[in-house]
Amino acid sequence: MNITVFGASGRTGVPLVRQAIDRGHDVVGFVRDPDRFPFEDDRLTLVAGGAYGGDGVREAVAGADAVVSVLGQTDDGPDDLLTVAGEHILAAMEAEGVDRFVTLTGAGVRTEGESVPLSGRVMGVLLKLLQGEVLADAERHVDLVRASGTDWTVVRAPRLTDGPRTGEYRAGDIELGFESVSRADVADFLLDCVEEGRHARELPKIGGA
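So our numbering is basically just the index in the sequence shown, starting at one, shifted up by 24.
What the hints contain is simulated information worked out from the structure, not anything from laboratory work. Accuracy of the hints is not assured; some may be wrong.
Computed Cβ-Cβ distance ranges for the label pairs, DEER-style [to be verified]: (1) E192 / G78: 16 to 26 Å; (2) D66 / R225: 27 to 37 Å; (3) D186 / G101: 34 to 44 Å; (4) D79 / D103: 31 to 41 Å; (5) G48 / E192: 21 to 31 Å; (6) D197 / E219: 15 to 25 Å; (7) G78 / G121: 26 to 36 Å.
Please read all numbers here as calculations on a predicted model, not as lab measurements. Even glycine gets a Cβ: it sits at the ideal position worked out from N, Cα and C.
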């Protein structure tokens, strides 16, 4: 498959790109500065641009079989990064006729009627108090994705760590509380969703085993 990854140079994006190549895919990594990407590979093409401004987004999406976004908020970034970048990505996908979109958000994004354990509710309150703008941006992003005409999947994850890929994690309609999961395991699950069409038009969660 030809997979375009937004946020490719980030802490989740790098293991995602590496695993996608290891699985035999051709990857277009969307980055701000190609010279700072940590490795080279014959299956990897880097496209420089800015997702927030839309520069280079359509170029990166052209010819893709699937698009994966692991963009994340930064301390010095705009408060509406995911919302605005998502608008550009979805518009480019529509223009280029690309249907499959898998995007990563935090577990603080809820769905109506969802069962949330006490620890998860406490975490949700803390997120609203400490990172309210980040959560609101993620929620708007998800609303846009769900309203789009794409074959979308929204993967929701708790606190991410830089541990190795273990393959030992829970995913799907699960309850999350005070827990974590490695970025490498999240990358593994994202690629499973891309390759196998898992959780189309669903919002699965991923958590530690």
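* Hints breached by this structure -> 1, 3, 4, 7
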